Structures are given as C-alpha cells and as structure tokens.
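**Student:** So the protein sequences, as listed, match chains G and H. Basically the working numbering = 1-based index in the first sequence + 34. Basically the working numbering = 1-based index in the second sequence + 285.
Hint data in this document are derived by calculation from the structure and do not stem from the laboratory. Remember, predicted model here, so these are calculated numbers, not experimental data. One should not assume that every hint holds.
[What the hints assert, rightly or not] Partner residues aside, some chain G positions facing chain H, computed with beta carbon under 8 Å: (1) H83; (2) T86; (3) P90; (4) C95; (5) E97; (6) A123; (7) M124; (8) R130; (9) V142.
Glycine included, every Cβ here is placed at the ideal spot set by N, Cα and C.
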Amino acid sequence: MMEERIDSARDARALLAIAEEVLEAWVRAHGEEPTSEVREGFRLLALHHQGTRGIPSFNACRETCREIAYRYNLAAFEPFHPEAPARLAMMAMLVRHLALFVGGKLEVDGLGDFCCASRPLRGEAARGPGEATST
Amino acid sequence: MSNTNAKYRKVAYYPGCALEGTGHAYNVSTVALGRKLGLEVEEVPNWNCCGAMEVKNIDPKVQTYLSSRVLAIAAHEMKAATVMAPCNGCYHNLKKAEHDLAHDPASRETVERIARKAGDEPYRAGEVETIHALDWIKHGVGEEELRRRVKKSLAGLRVANYYGCMYTRPRHIFPEKDQGPGSESTLKPHFMDDLLAAAGAVNVDFPLKTACCGGAHTLSDSDISTKLVLNILRAAEAAGADVIATECPTCHSGLEMHQARAEKVLGQKTKVVMLYFTQLLGIALGLSPRSIGNHENASEALERLQEKALA
Numbered sequence: 035m036m037e038e039r040i041d042s043a044r045d046a047r048a049l050l051a052i053a054e055e056v057l058e059a060w061v062r063a064h065g066e067e068p069t070s071e072v073r074e075g076f077r078l079l080a081l082h083h084q085g086t087r088g089i090p091s092f093n094a095c096r097e098t099c100r101e102i103a104y105r106y107n108l109a110a111f112e113p114f115h116p117e118a119p120a121r122l123a124m125m126a127m128l129v130r131h132l133a134l135f136v137g138g139k140l141e142v143d144g145l146g147d148f149c150c151a152s153r154p155l156r157g158e159a160a161r162g163p164g165e166a167t168s169t
Numbered sequence: 286m287s288n289t290n291a292k293y294r295k296v297a298y299y300p301g302c303a304l305e306g307t308g309h310a311y312n313v314s315t316v317a318l319g320r321k322l323g324l325e326v327e328e329v330p331n332w333n334c335c336g337a338m339e340v341k342n343i344d345p346k347v348q349t350y351l352s353s354r355v356l357a358i359a360a361h362e363m364k365a366a367t368v369m370a371p372c373n374g375c376y377h378n379l380k381k382a383e384h385d386l387a388h389d390p391a392s393r394e395t396v397e398r399i400a401r402k403a404g405d406e407p408y409r410a411g412e413v414e415t416i417h418a419l420d421w422i423k424h425g426v427g428e429e430e431l432r433r434r435v436k437k438s439l440a441g442l443r444v445a446n447y448y449g450c451m452y453t454r455p456r457h458i459f460p461e462k463d464q465g466p467g468s469e470s471t472l473k474p475h476f477m478d479d480l481l482a483a484a485g486a487v488n489v490d491f492p493l494k495t496a497c498c499g500g501a502h503t504l505s506d507s508d509i510s511t512k513l514v515l516n517i518l519r520a521a522e523a524a525g526a527d528v529i530a531t532e533c534p535t536c537h538s539g540l541e542m543h544q545a546r547a548e549k550v551l552g553q554k555t556k557v558v559m560l561y562f563t564q565l566l567g568i569a570l571g572l573s574p575r576s577i578g579n580h581e582n583a584s585e586a587l588e589r590l591q592e593k594a595l596a
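Hey, can you work out the whole structure from these sequences and the hints?
**Tutor:** If you want it as structure tokens, here you go:
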C-alpha cells in the first residue's frame with residue numbers, strides 16, 4: 035500500500051515536471067529565461083503567466099494548466115483514493131494536451147488567436163495603417 | 286421559488302450561418318426544444334453573418350459592424366430585449382461587438398459610419414442583451430422546471446460536456462460570468478452540466494471541457510487539430526463517457542470530422558459519440574430522434590441512444 039502511495043506521488047511529480055518542461059520550451063522560444071517563481075503554489079502556473087505576457091492567445095491553455103495543478107493536488111493529497119490511478123491517467127492526458135497545444139503553437143503561431151484572444155489571425159493586416167475601413 | 290428570468294422566455298433568435306449548414310441539427314433541435322418548453326423564438330429577420338473568422342481576419346472593425354447590425358435589427362425592428370445565439374462563434378462575436386462599442390471610440394465611429402451609409406440606425410452598446418442557448422434554457426426555464434418535465438430520463442447515460450473555447454474566452458467580453466453563485470464560470474463552465482444533470486444524465490469528470498481543439502486551424506493545419514481532438518475524445522472515453530455533449534456547431538463538426546480523420550490518417554478509432562445538448566434535452570423531454578435532427582449527426586449517435594433505450 036505504501037509502495038502505491040509513493041508511486042502515485044512520484045508519478046504526479048513526474049507529470050508536473052514534464053508540463054513545466056513544455057512551458058519552459060515555450061518561454062525559451064520567445065527569448066526569455068523560464069521563471070523559477072511560483073503562483074498559487076505552482077511553478078507551472080507562474081510559467082504559464084510568463085508565457086502569456088504579450089501573447090493573450092496563450093491563455094488557450096490556461097485551464098489545462100490549472101487542471102494539471104488540480105490533478106496533482108488530488109494525486110498528492112489522496113494517494114490511497116480508489117480513483118488515484120484514473121486521476122493520474124487523466125493528468126497524463128492533460129499534460130499530453132498541453133504538449134500538443136504548445137508544440138502546435140510553436141509551429142503555427144496563430145493557434146488560439148482567433149478564439150482565445152479574440153484577435154484576428156493576420157495581426158499585421160489588422161493592426162497596420164490599413165486598419166481603417168475603406169467602406 | 287423560481288430563479289428563472291421571464292425576459293428570456295421570448296428571445297430574438299440569431300441562428301447564424303453554421304446552423305443553416307453543418308450545424309443544421311443544432312438549429313432544428315434548438316427550435317424544437319424551445320417549443321416543447323413553451324419558449325418563444327422569433328428569428329432575426331434579414332440577419333447577416335456575424336463576421337466570423339473570415340471578416341475578422343481582414344478587418345475586425347467591419348466584423349464589429351456586422352455583428353452590431355444583427356443587434357440593431359433585434360433592438361430597433363423587433364424591439365427585442367434579448368438576442369439568443371446558439372453558436373459559440375456568433376455568441377462570442379456579438380459579445381465582442383457589444384464590448385468594443387462600449388469601450389472603443391474607433392469601433393463606435395466605424396459602426397456609426399457604415400450604418401449611416403447603409404441608411405440604418407446604428408446599434409449602441411446596451412440596447413439588447415446577448416445570451417447563449419445555454420443561458421436561455423438555464424435562466425428561461427431552469428433545472429427545477431426541466432426536471433419536472435422530463436419524460437425519458439437520461440439516467441445511465443454518461444456524458445462529457447465539451448464547451449470549447451469561445452463560450453468563455455476571452456474573459457473580458459463576458460462581464461456577467463464569474464459573478465459568484467448562479468453565474469457561469471469561465472474557468473470551469475457548468476451550465477450544460479447542470480441542465481443535463483436535471484434531465485438525469487451522469488456528468489463524468491472531464492477536465493478538457495474548454496481545451497483547445499485547434500478549430501480555427503482545422504483547414505490550414507489539420508494534423509494539429511486531429512491530434513488535439515483525438516486527445517479530447519480519448520480523455521472523454523477514459524472518463525467513462527458514452528457521449529460528448531456539445532453546444533457549438535463548430536466544436537461539434539470539428540469533433541466529428543477529426544474523429545473520422547484520426548481513424549483514417551492515424552489509425553486511431555474512438556467510439557464516443559457527439560450530440561448537441563439540445564438533442565439530449567429533446568430526447569429527455571420525449572421528442573423523437575428525427576425531430577431533433579439525430580439523423581444528421583455524423584457519429585453513430587442514434588445507435589448509442591438505442592443501446593441506452595433512449596431511442
């Protein structure tokens with residue numbers, strides 16, 4: 035039983051570390067050094083906050099990060115819960131989603147721009163001198 | 286005591302383009318559900334595109350005008366107090382127009398100029414309230430009344446509720462959300478969960494309810510979208526869901542389309558089916574599968590309902 039408890043906590047920590055690595059890659063790709071600070075007890079949330087500065091569409095993964103933090107808490111604080119393995123599996127899917135989203139956004143910058151930032155995909159065209167309507 | 290809002294019992298209905306095409310089943314089921322619940326829907330006459338992705342990409346202020354024109358017809362011609370939009374994209378754009386007109390003088394100037402040129406009275410912020418179909422049922426009818434009217438409980442049907450992104454993001458255009466008990470949450474939306482629970486469904490713990498599906502890039506980069514959608518479908522299955530309930534035609538068709546693509550391109554088959562929340566509520570209220578457009582769904586939703594003795 036103790037073995038399972040240690041493993042659950044260890045797996046949750048490992049998943050959280052992977053999620054942090056994903057966001058570190060995003061921050062580094064934008065020329066910044068990843069923060070070592072924490073927000074609401076999580077470095078993951080501080081990294082997300084850092085990654086969002088100037089890029090509102092990065093909020094598209096805000097809830098995913100918060101759900102990862104929530105699942106981490108569940109795994110860490112209720113290691114003997116009968117649903118602990120299922121919770122860990124779901125945490126893994128969340129981390130996977132974060133990796134897919136960030137990986138996709140590193141390839142296609144506009145991901146999340148239209149919906150989550152309410153900003154047009156062709157930012158230059160929308161923000162430039164031609165912004166005024168010709169109608 | 287009822288907490289329903291009488292003004293939501295009669296609304297100006299803005300279906301938008303998607304509900305005349307890929308989301309037709311959502312259109313049919315929304316209207317049928319409204320009738321069944323005694324709600325009045327009057328379609329906005331001569332409505333136009335909300336500006337969606339295409340116009341917004343080229344000139345966001347023209348998109349603001351297009352959305353404001355729909356609001357203007359509702360306010361000035363229909364004398365309506367409320368516009369109801371079931372599509373997340375339309376809902377989002379109308380809310381964005383409302384926000385822009387309230388806070389951005391340049392948007393007001395553009396709307397004023399184009400409207401005058403068209404010979405119309407320009408829309409002014411606050412003249413009508415824009416709501417989503419979820420607000421309409423939640424506040425116009427409420428769970429209590431819904432529970433009372435259920436003829437065929439959805440008990441035994443395990444549902445993952447997928448809200449997509451545009452129902453809650455960006456937060457600043459939805460000032461009525463995150464206002465404490467009774468209001469919708471942008472972090473963990475729950476209105477669809479509440480309504481389906483009232484109809485007897487079992488809502489599973491689904492953490493990807495607002496996760497990005499790559500929707501805006503569906504056509505330009507299908508691989509990213511397919512992988513994101515596949516993960517959403519798998520998470521729903523891992524959570525034990527029989528059905529993913531949707532409340533947006535773009536989310537719905539994206540999930541269905543990439544489910545098929547994931548099987549074809551990646552060889553990854555998933556069995557969860559997609560149904561609009563209006564279809565699920567319609568079934569619970571005794572409407573026939575055909576009358577709520579079930580035959581138009583791409584995923585094998587009817588079979589799943591039959592397995593659960595709901596059709």
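**Student:** Are any of the numbered hints broken by this structure? If so, which, sorted upward?
**Tutor:** 1, 2
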